[in-house]
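Peer 1: Line by line, the protein sequences give chains A and B. Using this note's numbering, you'd call the opening residue of the first sequence number 2 and step up by one each time. Using this note's numbering, you'd call the opening residue of the second sequence number 2 and step up by one each time.
Bear in mind the hints are in silico, worked out from the structure with no lab data behind them. Every value quoted in this text rests on a predicted model; they were computed, and no experiment measured them. Relax, there's no trap hidden among the hints.
Pairs count within a copy or across copies, as identical chains cannot be separated in the list.
Calculated cross-link-like contacts (lysine to any residue; reagent style SDA-like; alpha-carbon spacing at most 20 Å):
hint	residue 1	residue 2
1	Lys-115	Gly-152
2	Lys-64	Gly-90
3	Lys-142	Arg-128
4	Lys-278	Asp-304
5	Lys-56	Ala-45
6	Lys-142	Glu-120
7	Lys-64	Arg-130
8	Lys-142	Arg-121
9	Lys-56	Ala-17
10	Lys-123	Phe-143
11	Lys-142	Thr-119
12	Lys-21	Gln-53
13	Lys-188	Phe-401
Protein chains: 2
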Amino acid sequence: MALIVKKFGGSSLANAECLKRVALTIAKAYSEGNSVVVVLSAQADTTDDLIQKAKEINDTPSKREMDVLLSTGEQASAALMAMTLDNMGLPAVSLTGWQIGMNTDSDYGSARIKSVATERMKAELDRRRIVLVAGFQGVNKFDDITTIGRGGSDTTAVAVAVTLNADLCQIYTDVEGVYTADPRLVKDARKLDEITYDEMIELASLGAQVLHSRSVEMAKRYGIEMEVLSSIVDRPGTKVKGVNKVEHTKISGVAKDTSIGIISIVGVKDEPGVAFKVFRVIANAKKNIDIILQSVNHNNLNDISFTVAADDLDSVVEVLEKNKSVIGFTEIKTSGNVAKVSIVGAGMMSAPGIAATMFEALYDVKININMIATSEIKITVLVNENDADRAVTALHQKFFD
Amino acid sequence: MALIVKKFGGSSLANAECLKRVALTIAKAYSEGNSVVVVLSAQADTTDDLIQKAKEINDTPSKREMDVLLSTGEQASAALMAMTLDNMGLPAVSLTGWQIGMNTDSDYGSARIKSVATERMKAELDRRRIVLVAGFQGVNKFDDITTIGRGGSDTTAVAVAVTLNADLCQIYTDVEGVYTADPRLVKDARKLDEITYDEMIELASLGAQVLHSRSVEMAKRYGIEMEVLSSIVDRPGTKVKGVNKVEHTKISGVAKDTSIGIISIVGVKDEPGVAFKVFRVIANAKKNIDIILQSVNHNNLNDISFTVAADDLDSVVEVLEKNKSVIGFTEIKTSGNVAKVSIVGAGMMSAPGIAATMFEALYDVKININMIATSEIKITVLVNENDADRAVTALHQKFFD
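Chain A on its own, in the form it takes in the complex (with noise of 0.2 Å):
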């Protein structure tokens, strides 16, 4: 029999009712007779409701602070699902990030994970109770209390999975699994049953939200299978895994994210290290940029422009224009009416003439680029945000049907 972690978000965790439904789900695995964890998020709007109550006391609340508050969601997810299986005869027992021996650095607010102890997890297994771990948290060297980051509870279900070298990791979401585009989207979009590690990221960085690239990173890194599989229909998800053994089309999905702000910094000179010490300001404030282009301008001045979070486009202006002596520029412009559209596909660098075939699908629906990044296994274009519907399925025709 297998040891299988499963992860259920707060969507499918709002009410009594959800809760009796994932249970069901849970309770199939365990009488299969797999070694069953749990990570559980918080139940939905929960996490939302305390930013909202921390907020009307502080602006900028104490991130420890905060920390210890929002983890206060989970445990009671934890404790919630732990009385749905109680309720229906199975044992179970509900466990904190501390009392898993989730550790992590002193980062409050996005910490890493450093280690999981196995110990208290194994005992209660080797008991043959279900384990139901609070989800987003751990806790420090200090023995306080921290939280991991948004998508952290996916991160804390392939730790636990890598821990406890688990079989198989499942993601429970609102969809069936990871399709070729956005099935709300596109109508003819097709679930993939398997996809790899490396697609997968790509496509999570690029807003398709069903998993967060940084729990796909550590499965990856660690070689723990996962799925991502629907919450409420019991039917096979997708596989994301090391290799792909599914021959399948040369793209394995169009991807949007309209969730992005572009800057430009206008006026840089054109000399060493100013890139760099654009780059080095953001990322001292914890910032992530994504695409970057940089344009030769007259008179030996540059443009530099690149992407962010819409979340975080504020922030990066604020810490820009405060570093304005030490970086030298005109000016800065902002727009957040933009949109990622990608397409992504582990075969696509052996196969010529992909890009091509892109950038004629939006020349034919009449889509202007804004700016242009590939990677191996992904191209992305930047449109305006009005043009991403349009984009992606034009892509998705192009390359599915």
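Go by the hints and put chain B onto chain A.
Peer 2: Same frame as chain A, now just chain B:
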């Protein structure tokens, strides 16, 4: 400068506005140079909401999981208060039960405190931080979360005060102190400046809901001075201490308690061991009984009557019925429409005629007495519930006017 432990209840922490008011009280003590530890309850309604959530899932939720669930309320309170103080520029740190080493036994839901560690709290106080402790909760030897029962935050406060050898343990409430009677009921009720531990214990167990007797018992055992005072009005409250240095009337207060029920076991045999059997099965079910009356009856059969907390009425009857063959009785009668009315005072035993005066006062207003119980410092009568308020008023007039 002093080391002061303060405890605030849920209604005084209900929202951002309330938290700010409490923070000002804390700030004052801190800015006067004192070391300050604050014990916090869950915000108003939080605990009831969580209980409601659990009951929707499971009629009889596991006590272990209930403790995991409920303890989140106090944890959130402590974090929110830290943010409030931080917003005022005051250094504060929240700590949970396990973080302060609040070690308890494993009687989930009503665990007993075994020890409290000092290291973490002392280290934080040494750094001149205000220490915010999540009340009501602890951790057992298995590293599982426990709660210490109703009124637990009062007890947490006293236990922390004992451990840190605090100079004073202040319990903030929605009244200004301990009164000679309930001020909402008796308009002439007077606030006491001081009261002895023993008087306070009697008043607490008699329904004066300002303090839980368990916390006062602990304070008495370790000689910790307590003060009951208002969370709203900045005025001295009532000191609870070993010796009452202030001269006062022979009785210190009149109290009523309507949340009781009476159980009569009819037709038990008049032979040794019957009372033992009755109260052993109730004690095994961890239920407290209060006033006991045994009346000799005809045919060598007795009745045994006693009072219990209203909440326990059904479960005690159930336990008795289950043990009917062991105990041997004819039938059980119950009533919830009774109330205890008591007068309390350390000077009572040395003042003859107090009991007679009490019964006279009740006779004057035509109130029938069902049962009578006395101790060193109190006299309690059982009356019909709808006579209770009139009884309190009559007694207060007799003794205090």
